[in-house]
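Given these sequences and hints, build the entire structure.
Each protein sequence line maps, in turn, to chains C and S.
For the first sequence, the working numbering gives the first residue as 1, with consecutive numbering after it.
For the second sequence, the working numbering gives the first residue as 1, with consecutive numbering after it.
Read the hints as simulated data drawn from the structure, not as lab findings.
We treat Cβ as the ideally placed atom computed from N, Cα and C, and that holds for glycine.
Worth double-checking, as some hints may not be accurate.
[As the list claims (entries may be wrong)] Partner residues aside, some chain S positions facing chain C, computed with beta carbon under 7 Å:
| id | residue |
| --- | --- |
| 1 | T4 |
| 2 | E12 |
| 3 | D33 |
| 4 | R34 |
| 5 | Y35 |
| 6 | E39 |
| 7 | R75 |
| 8 | V76 |
| 9 | L77 |
| 10 | F79 |
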Amino acid sequence: MTAVVVGASAGLGRALCDELALAGHDLVVVSSDARDLEALAADLRIRHGVKVVGVPLDLGSEPLDLARLERAASQLGGASALLLPVGWTAASDDPTTGDEQAARLVRTNFLSVVAIVSALLPDLRKQPNAAVVGFGSIAAARGRGKNMVYAASKRALQTWFEGLRQACAGSSVRVSFYVLGFLDTSLSFGRRTPLPRADPARLAARVVRELGREGVWYHPRAWRFVGAVLLLLPFSIFKRLRA
Amino acid sequence: MPATPLPASEPETASFLSFDGGYGETSAFHRPDRYRAVEAAVAKGPVIARGGGYSYAAASFGDGSVVVDMTRLDRVLRFEPEQKLVEVEAGMRLEQVLALTAPRGLILPVQPGYSAITVGGCIAANVHGKNPQAERTFRRSVADLTLLHPRLGTLRCSRESESGLFELTCGGYGLTGVILSATLRLEPLPGWTAAVERVPIASIAEGLACVRERTEGASFAYSWHEGTAVAGAFGRGVVYVGRIPEGPPPPRGQVVPRYRRLTAASRTRLRAPLWNPATLRLLATTFRLAETLRPATSEGPLFDALFPFARRGEYFLLYGRRGLAEYQAIVPHAVAPEFLRALEREILRSRPPVAMASLKLFRGEPKLVRFEADGVCVTLDVVRSAEGLRFFEVLDRLTLEHGALPNLVKDSRLPAGVVARSYPGYAEFRERRRSLGPAEDFRSELAARLAL
Chain C
1 MTAVVVGASA
11 GLGRALCDEL
21 ALAGHDLVVV
31 SSDARDLEAL
41 AADLRIRHGV
51 KVVGVPLDLG
61 SEPLDLARLE
71 RAASQLGGAS
81 ALLLPVGWTA
91 ASDDPTTGDE
101 QAARLVRTNF
111 LSVVAIVSAL
121 LPDLRKQPNA
131 AVVGFGSIAA
141 ARGRGKNMVY
151 AASKRALQTW
161 FEGLRQACAG
171 SSVRVSFYVL
181 GFLDTSLSFG
191 RRTPLPRADP
201 ARLAARVVRE
211 LGREGVWYHP
221 RAWRFVGAVL
231 LLLPFSIFKR
241 LRA
Chain S
1 MPATPLPASE
11 PETASFLSFD
21 GGYGETSAFH
31 RPDRYRAVEA
41 AVAKGPVIAR
51 GGGYSYAAAS
61 FGDGSVVVDM
71 TRLDRVLRFE
81 PEQKLVEVEA
91 GMRLEQVLAL
101 TAPRGLILPV
111 QPGYSAITVG
121 GCIAANVHGK
131 NPQAERTFRR
141 SVADLTLLHP
151 RLGTLRCSRE
161 SESGLFELTC
171 GGYGLTGVIL
181 SATLRLEPLP
191 GWTAAVERVP
201 IASIAEGLAC
211 VRERTEGASF
221 AYSWHEGTAV
231 AGAFGRGVVY
241 VGRIPEGPPP
251 PRGQVVPRYR
261 RLTAASRTRL
271 RAPLWNPATL
281 RLLATTFRLA
291 ETLRPATSEG
301 PLFDALFPFA
311 RRGEYFLLYG
321 RRGLAEYQAI
331 VPHAVAPEFL
341 RALEREILRS
351 RPPVAMASLK
361 LFRGEPKLVR
371 FEADGVCVTL
381 DVVRSAEGLR
391 FFEVLDRLTL
401 EHGALPNLVK
411 DSRLPAGVVA
421 RSYPGYAEFR
431 ERRRSLGPAE
441 DFRSELAARL
451 AL
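Here it is as structure tokens:
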């Protein structure tokens, strides 16, 4: 099986690559950092003996060279799993965010993911068993005064994946979406988090174990409860939450 | 359109502690997981790179520097078994290198005592292994390294290119830049077990004679001595002589056994030390007797011989929160017997809380401030107490009187004066380091204390 991992060079993406390669899957790895991509591809090839093709792609810029990604996937016999652990935040993602940054946030966290899934979906549908895995954020549960465009993009993505799941119902493509709490990656580094950060390696092991299982899942699982509480909180209390 | 910037990342703050528990400081730190993030951290300076954090001295934090934790940069970049070369990132731990190379019948020749030490740390401290008489030090295995410096950029250094910087960086305590990656030379791994012969000895002088006699031709030979003096004599113990019998390499996935990794912070789990004059004698005697009652030669996993403390981390916990103080110095061969006699006299006179002593032979080229020379490497582990630390003043005096070379990363209280007088290359290191740029670019408590 060949898996495409977008946002592969660090954090959850790298952990997913490790798990997938450990399971013997060939990989197309996508990241904006060409140097890290090269290092990652070499590491996976050497340590796990799998085939790896790296595709440098900056999801915040346009146009995306999707043809290159499609070529890389077909070079390895066509992708049967597409995992998109994509996330980019900016310090000034508040009500004063300029349009350029807002556009980049939406493009990175939502539009590029949509574009990549759309481009690879026809080939995924040809596979007898295929999986598309998206990753959202608990930040999207309820809008707050920071990470605003990020959270909005992640909420849009969750809705879009819901649609994708319906569109793929009855086909060979299984769609799953993980809503993530705090993960111990560079996205949360340097930030005070009210709850402990989860280990990306454990999440990656779970995702690979559950590959092909449909639905919306929370990780850590307790965040489903946290998300529900956040939604139920009266605004008079919610507005005081600063973390 | 410019590339997407890195996610906004401020440094976090954490408490750092030297592994011996002697020095602690709260510092800001970054934990980059990609090259751009390392560059961004280094550009802001002053910084100091940190690997596993196993230095007994505060070499990877302190003096107001921002710590750059390199452990997320741990990828294998190149592996050429036929050429016996492996290129890895600086944050890769020795056990990860071993897991990769051992199934292919290859091994790094120099393995310091703990498996979670990183390659970057090994280079920065120019560490040694079980048999520095034959293997010398870690720098001998380094074919080249990639160094990031805020003023010089990213440089590939080797003995042929940027040789001055290469020499300064191997044993440069992270003060010449951030090591990003290194190409390491491997050696054939004969087998995956170690046959260890135990030779009981009655004194430290006997230990020295035995180590001298048995090192040649062995994979390793070192002595262990009880730290307490009994009946007017010091140094009862055991000499371990090891060899690696021919055998198949280990299967993939079975190189590194499960063990609970100890860190400088987790080492402090026990609040109070369990060492006191009575337990020091009791535990040391029990251990010695247990060792002498075992078969004279036994065979066990090579992993345990390479990293004796990986699965025996309890030893360090016994020192409690205050920790231990370690003395390690290379004593020139000619004066080693005299040094050991003087050491024995001082131990019998002041009865310091020494937990253990050890000897092994060393061969190396003393230069700059790197720990290597021809001689006998003497190690003492002492309970970190007022009495124990007072004894280090005696050890400093013995060091200077005998022209010995103290190990900078083993002693978190080592005074600058002792280092300046014992290392002939001290002034040269200071001068050459400053020629790269202001010393403020890379700072640590060790560098400040020793005025490096």
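Query - Residue hint L77 (chain S), partner chain C, criterion CB-CB below 7 Å - result: Result: holds, 5 Å to nearest chain C Cβ.
Requested in this report: Classify the hint on Y35 (chain S) as holds or violated, based on whether any CB of chain C lies nearer than 7 Å to its CB.
Outcome: At about 5 Å, which falls below the 7 Å cut-off, the nearest Cβ of chain C leaves the hint on Y35 (chain S) intact, so it holds.
**Report entry** Satisfaction of the V76 (chain S) interface hint, Cβ to chain C closer than 7 Å
**Finding:** holds, 5 Å
Requested in this report: Hold the hint about T4 (chain S) up to the distance rule: shortest CB distance to chain C must be less than 7 Å.
Outcome: Holds, because the Cβ-Cβ distance from T4 (chain S) to chain C comes to roughly 3 Å (cut-off 7 Å).
Query raised in the report: Is the shortest C-beta separation between D33 (chain S) and chain C less than 7 Å?
Result: This interface hint holds because 4 Å falls under the 7 Å limit.
**Report entry** E12 (chain S) as an interface hint toward chain C, with CB separation required under 7 Å
**Finding:** Holds, because the Cβ-Cβ distance from E12 (chain S) to chain C comes to roughly 5 Å (cut-off 7 Å).
Requested in this report: Would you check whether R34 (chain S) satisfies its interface hint, that is, whether its CB is within less than 7 Å of any CB in chain C?
Outcome: This hint holds: R34 (chain S) lies near chain C, its Cβ roughly 4 Å from the closest one there, short of 7 Å.
Requested in this report: Double-check R75 (chain S) for me: the hint is only fine if its C-beta lies closer than 7 Å to a C-beta in chain C.
Outcome: holds, 4 Å
Query raised in the report: Is the shortest C-beta separation between F79 (chain S) and chain C less than 7 Å?
Result: Holds, because the Cβ-Cβ distance from F79 (chain S) to chain C comes to roughly 5 Å (cut-off 7 Å).
Query - Status of the E39 (chain S) interface restraint (C-beta, 7 Å, chain C) - result: violated, 10 Å
Consistency note: the structure conflicts with earlier hint 6 alone.
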